[in-house]
Amino acid sequence: MTNNEKVLSVDNLVIKFNLRGQELTAIRGASLELYKGESLAIVGESGSGKSVFTKSFMGLLDANGRIESGSIIYKDNDLAKYKTEDDWIKIRGKEIAMVFQDPMTSLNPLKTVGKQVQESIELHQNLQGEEAKKLAVEILNDVGISEPERRYKQYPHEFSGGMRQRVVIAIAVACNPNILICDEPTTALDVTIQAQILQLLKNLQKKYQLTIIYITHDLGVVANVADRIAVMYAGDIIELGLSEEVFFDPKHPYTWALLSSLPQLGIKGEELYSIKGTPPNLFKEIKGDAFAPRNPHALKIDFEKRPPYFEVTPTHKARTWLLDPRAPKVEPPLSIQKMREMEVKRGERLE
Amino acid sequence: MTRKKIMNDINDNIDPSLFEFAEYDETKSELTGYSNYSFWKSTFQVFMKNKVAVALLILIVSVVLFTAIQPYLPNQKSPTQIYINPETGLQYRNIRPNDPSVSENFIFGTNSIGQDLWARIWSGTRTSLFIGVSVAIFEAIVGITIGALWGYVRKLDAVITEVYNVWDNIPTTVVLIILTYVMKPSISTIIFAMCMTGWLQMARFVRNLILIIRDREYNLASRCLGTPTSRIITKNLLPYLVSVIMLRMALAIPAAIGNEVFLSYIGMGLPIDIPSLGNLINEGRALMMDPNQRYQLFFPAAVISVVTISFYVIGNVFADSADPRNHV
Amino acid sequence: MKYYVTRLFRSFLTLMIVITIVFLLMRMMPIEGYFGSGFDKLDAGQIEAKLKNLGLLDPLPVQLKNFYISLLKGDLGQSITYRPKVDNTKILGDKLITSLRFGVASLTLSLIVGLSLGILMARHKGKFWDKFGTCYVVGANAVPAVIYYLLIQVFFTDIFKLPLLFDKSVPKSWILPILCLSLVTTAYYAMWIRRYMVDELNKDYVRLARAKGLKSKEIMIRHVMRNAFVPMAQYLPASILYTVAGSIYVESLFSIPGTGGLLVTVIQRQDNTLVQALVLLYSSIGIVGLMLGDILMSAFDPRIKLSHEGGSR
Chain W
1 MTNNEKVLSV DNLVIKFNLR GQELTAIRGA SLELYKGESL AIVGESGSGK
51 SVFTKSFMGL LDANGRIESG SIIYKDNDLA KYKTEDDWIK IRGKEIAMVF
101 QDPMTSLNPL KTVGKQVQES IELHQNLQGE EAKKLAVEIL NDVGISEPER
151 RYKQYPHEFS GGMRQRVVIA IAVACNPNIL ICDEPTTALD VTIQAQILQL
201 LKNLQKKYQL TIIYITHDLG VVANVADRIA VMYAGDIIEL GLSEEVFFDP
251 KHPYTWALLS SLPQLGIKGE ELYSIKGTPP NLFKEIKGDA FAPRNPHALK
301 IDFEKRPPYF EVTPTHKART WLLDPRAPKV EPPLSIQKMR EMEVKRGERL
351 E
Chain F
1 MTRKKIMNDI NDNIDPSLFE FAEYDETKSE LTGYSNYSFW KSTFQVFMKN
51 KVAVALLILI VSVVLFTAIQ PYLPNQKSPT QIYINPETGL QYRNIRPNDP
101 SVSENFIFGT NSIGQDLWAR IWSGTRTSLF IGVSVAIFEA IVGITIGALW
151 GYVRKLDAVI TEVYNVWDNI PTTVVLIILT YVMKPSISTI IFAMCMTGWL
201 QMARFVRNLI LIIRDREYNL ASRCLGTPTS RIITKNLLPY LVSVIMLRMA
251 LAIPAAIGNE VFLSYIGMGL PIDIPSLGNL INEGRALMMD PNQRYQLFFP
301 AAVISVVTIS FYVIGNVFAD SADPRNHV
Chain U
1 MKYYVTRLFR SFLTLMIVIT IVFLLMRMMP IEGYFGSGFD KLDAGQIEAK
51 LKNLGLLDPL PVQLKNFYIS LLKGDLGQSI TYRPKVDNTK ILGDKLITSL
101 RFGVASLTLS LIVGLSLGIL MARHKGKFWD KFGTCYVVGA NAVPAVIYYL
151 LIQVFFTDIF KLPLLFDKSV PKSWILPILC LSLVTTAYYA MWIRRYMVDE
201 LNKDYVRLAR AKGLKSKEIM IRHVMRNAFV PMAQYLPASI LYTVAGSIYV
251 ESLFSIPGTG GLLVTVIQRQ DNTLVQALVL LYSSIGIVGL MLGDILMSAF
301 DPRIKLSHEG GSR
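For the protein sequence lines, the chains are W, F and U, in the order given. Quick note: the first sequence uses the working numbering, first residue 1, plus one each step. Quick note: the second sequence uses the working numbering, first residue 1, plus one each step. Quick note: the third sequence uses the working numbering, first residue 1, plus one each step.
Chain W with its partners taken away, still in its complex shape:
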């Protein structure tokens, strides 16, 4: 599943926006490595910067945003230094493609679905005309659209939401990219359709050897598809590890809080856990740990100094002072412990 060949490595990325005459720091020095063929999920609440972070890999930041510092290394090139459209054209689609959240608006309403898929093929696969059309029909079939020949000629308004999302995925896949970024790919869809789309993405990943980044706030999606999980809070990755490490042995209090708010983990008869307070104001400079004001386990140092990454295992690290040897021992909340026990029991049974 995972090997050690890095395809993308982001280091200490800082992204700023100008908004209402003020400067907003959307990404505050986030780092991430992506390995070939894996599925990485970036989770976080709205406004945590997960979309902005991945958009910067493709030069799709809004006009008022810019990369302040840091690097994005892809195939020995630093994408953070790319400025012109001509630079980005070499990356967009061909190397990294993206699937957006809302399939209802992601397609051009006045072009047939087939033409929109074909456009990707003609751009990136050196095929024109009939050949490109043939491949487009094939890909439509691959994404699970029945009667692709007939559907090729139809307009987006003749498709349902789930079907449109398949078309959007087909457009991305037709570019033949290395990396596929799926920005909340199932959020706008019915629950029954969600699972189908995720299964489809899994299948396509195998068939086309894709590395996939899922951006989501839905931990259910994550549990289904992700090999690794990066937890994002206030523009920084605060915990990163293999899926089971983050789910069953989380270290950062924010990850605890996030997992505790899963309804499945609620303890019967007790009120469902919810994270108190609001995310920090990104217009202000954040001192120390961004989560500290909302963290019931916050240490004094959390308000003073930003924690470094502490390594838990070679694949698992977290940015919290609680992992410092001098810090007092804090047990994760009951629900997290319960989850871990359940997993251990399940593991024993399997043995």
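One thing to keep in mind: the hints can contain errors.
Claimed, not checked - Straight-line alpha carbon distances no greater than 25 Å define the calculated BS3-like cross-link-like pairs of lysine-lysine that follow: (1) U:Lys127 x W:Lys83; (2) U:Lys2 x W:Lys111; (3) U:Lys217 x W:Lys55; (4) U:Lys215 x W:Lys133; (5) W:Lys81 x U:Lys217; (6) U:Lys217 x W:Lys111; (7) W:Lys16 x U:Lys127; (8) U:Lys203 x W:Lys94; (9) U:Lys127 x U:Lys217; (10) U:Lys215 x W:Lys55; (11) W:Lys134 x U:Lys2; (12) F:Lys49 x U:Lys125; (13) F:Lys51 x U:Lys131; (14) U:Lys131 x W:Lys55; (15) W:Lys94 x U:Lys217; (16) U:Lys125 x F:Lys51; (17) F:Lys41 x W:Lys284; (18) W:Lys300 x W:Lys287; (19) U:Lys131 x F:Lys49; (20) U:Lys2 x W:Lys83; (21) U:Lys2 x W:Lys153; (22) U:Lys215 x W:Lys75; (23) W:Lys90 x U:Lys203; (24) W:Lys36 x U:Lys217; (25) F:Lys49 x W:Lys16; (26) W:Lys284 x F:Lys51; (27) U:Lys125 x W:Lys16; (28) U:Lys203 x W:Lys83; (29) W:Lys90 x U:Lys41; (30) W:Lys115 x U:Lys203; (31) W:Lys276 x W:Lys329; (32) U:Lys127 x W:Lys111; (33) U:Lys2 x W:Lys55; (34) W:Lys134 x W:Lys207; (35) U:Lys131 x W:Lys153; (36) U:Lys215 x W:Lys81; (37) W:Lys16 x U:Lys168; (38) U:Lys215 x W:Lys94.
Hints listed in this document are in silico derivations from the structure and should not be mistaken for laboratory results. Just so we're clear, the structure is a prediction, and the values are computed from it rather than from any experiment.
Start from chain W and add chains F and U according to the hints.
Frame of chain W, contents of chains F and U only:
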């Protein structure tokens, strides 16, 4: 500030006492959030950022104030009196502005029958502004009433929609011409004719807004949360409504001034003894082929341009600044 | 298909209502307009005889019926003061051809200039061309047209030595009227295409097109411009027909023998039947134009035939 290297070493000189629990204060956790947004404040801020609009606003306010007080200033002449040279007993015909050879001082000169152009221009501006503002107000009253009924009373929707479709299909110019042709020329005729066409747009916008209050999710949500109707109206609807109404009214004024000029041009305007910008343009046009007399066209043309452009720009910039999407 | 039939029927109905309203309003006009110059010398008996002769003393429904019957025969009555006893259809026919020539010429000019300007504005949003175009659009929209027509007449005849009035045999005399006729419509086209393009540019599918590696230029040409043209298509025929019908200002300012100039003349001469004929002509043109617009738009946009809008354009 951030470390690339994952580090677990302890040689960082951090005071160990810092590794104690901080006091957790739930209210403090709320403080970090951002919500100091105020609709009107942001609207004002965005508007003030547009230098051109602010300059025009100052300009138009001064012009309006000046037209109001001009007759009461000292040494003003009557806009309708024909001035006669006491030495020759003849009228002061086509005297150029500030002509030194004439003992009396006409700031903008006189017209072809010896009336003072300066006084006539301000009097005409008053007339035209009066027409413009009246049309804007009547349009707003009729448009909002019909629009509200249209949007609110579901039974009326189909009926008014059909009426609207028919009425909107007739060119505005045709309605103006035929109404003024049939009725006697007067200020009220002109205002009536313009209102007959102008309310359509206003009614449609108001109707669409009413539909928004009824159908938008956030209003449904507000109602479910028990927000009183008055608060829904002031917080959710009024911002939209005010900006749209202001825009329509601001645009109605230059349109009305333009229509008055048009009607005067085709001979359906005000009687010529009432100075209006349309009548002044017509008088100026009659003499414009004589380079010495062109001032009689240029002065009213300049005033019309200033007034119409100001209202148009201010209305549009205000509408833009009242659009929450521009509050960034 | 059903869409087209419904649309056609709606326009026809509108036209009938408008014709009826215009006819009824015209009955309220001063009766001088039916007599020409000698009105003051006529005595009451003569007036009544003439009115009776014209059918104006019949009850209104009868008048309306007769009016529709003559309309069906293509008869718009005879001119009274403008060219006495000449059929209005004949007068209008000659004038329409002249108006048509000017309309087509100015339309071509304003489409080319307006669309290029609007596209330029959308592509360089907030930069020089956008600001320049905005100034032009604001000026053309806000200031009454006659003011800049007059200024053009005053200065361009001086500076470029162009003839002041139109003369069919002098090619140079076509320039200024066409320029004037194009000014406002150019501003409209520029404004519309810019607005629709900016709307389109903010849509999600443009983001997707960018993400799949299309260049901005290709996105503009393949997606945005085409889509922005669809809502414009709706207004295109109406504006074409308006221009063809002739600008009332321009034709009378340059003494062009077209329908617009005619309207001003016959209003001043109080030629009731001719005013009525012209008003009917203009309203029909407006209604037909809007109908063609809707039909043209539905031809471009595959979504329209499915969803029936309830009249909220």
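Do the hints match the structure? See the list:
{"no.": "1", "hint": "U:Lys127 x W:Lys83", "result": "holds, 20 Å"}
{"no.": "2", "hint": "U:Lys2 x W:Lys111", "result": "holds, 23 Å"}
{"no.": "3", "hint": "U:Lys217 x W:Lys55", "result": "holds, 21 Å"}
{"no.": "4", "hint": "U:Lys215 x W:Lys133", "result": "holds, 21 Å"}
{"no.": "5", "hint": "W:Lys81 x U:Lys217", "result": "holds, 23 Å"}
{"no.": "6", "hint": "U:Lys217 x W:Lys111", "result": "holds, 18 Å"}
{"no.": "7", "hint": "W:Lys16 x U:Lys127", "result": "holds, 23 Å"}
{"no.": "8", "hint": "U:Lys203 x W:Lys94", "result": "holds, 22 Å"}
{"no.": "9", "hint": "U:Lys127 x U:Lys217", "result": "holds, 17 Å"}
{"no.": "10", "hint": "U:Lys215 x W:Lys55", "result": "holds, 17 Å"}
{"no.": "11", "hint": "W:Lys134 x U:Lys2", "result": "violated, 35 Å"}
{"no.": "12", "hint": "F:Lys49 x U:Lys125", "result": "holds, 18 Å"}
{"no.": "13", "hint": "F:Lys51 x U:Lys131", "result": "holds, 14 Å"}
{"no.": "14", "hint": "U:Lys131 x W:Lys55", "result": "violated, 31 Å"}
{"no.": "15", "hint": "W:Lys94 x U:Lys217", "result": "holds, 18 Å"}
{"no.": "16", "hint": "U:Lys125 x F:Lys51", "result": "holds, 18 Å"}
{"no.": "17", "hint": "F:Lys41 x W:Lys284", "result": "holds, 21 Å"}
{"no.": "18", "hint": "W:Lys300 x W:Lys287", "result": "holds, 12 Å"}
{"no.": "19", "hint": "U:Lys131 x F:Lys49", "result": "holds, 16 Å"}
{"no.": "20", "hint": "U:Lys2 x W:Lys83", "result": "violated, 52 Å"}
{"no.": "21", "hint": "U:Lys2 x W:Lys153", "result": "holds, 23 Å"}
{"no.": "22", "hint": "U:Lys215 x W:Lys75", "result": "holds, 22 Å"}
{"no.": "23", "hint": "W:Lys90 x U:Lys203", "result": "holds, 23 Å"}
{"no.": "24", "hint": "W:Lys36 x U:Lys217", "result": "violated, 33 Å"}
{"no.": "25", "hint": "F:Lys49 x W:Lys16", "result": "holds, 23 Å"}
{"no.": "26", "hint": "W:Lys284 x F:Lys51", "result": "violated, 29 Å"}
{"no.": "27", "hint": "U:Lys125 x W:Lys16", "result": "holds, 22 Å"}
{"no.": "28", "hint": "U:Lys203 x W:Lys83", "result": "holds, 23 Å"}
{"no.": "29", "hint": "W:Lys90 x U:Lys41", "result": "violated, 89 Å"}
{"no.": "30", "hint": "W:Lys115 x U:Lys203", "result": "holds, 19 Å"}
{"no.": "31", "hint": "W:Lys276 x W:Lys329", "result": "holds, 22 Å"}
{"no.": "32", "hint": "U:Lys127 x W:Lys111", "result": "violated, 31 Å"}
{"no.": "33", "hint": "U:Lys2 x W:Lys55", "result": "violated, 46 Å"}
{"no.": "34", "hint": "W:Lys134 x W:Lys207", "result": "holds, 18 Å"}
{"no.": "35", "hint": "U:Lys131 x W:Lys153", "result": "violated, 41 Å"}
{"no.": "36", "hint": "U:Lys215 x W:Lys81", "result": "holds, 19 Å"}
{"no.": "37", "hint": "W:Lys16 x U:Lys168", "result": "violated, 65 Å"}
{"no.": "38", "hint": "U:Lys215 x W:Lys94", "result": "holds, 13 Å"}
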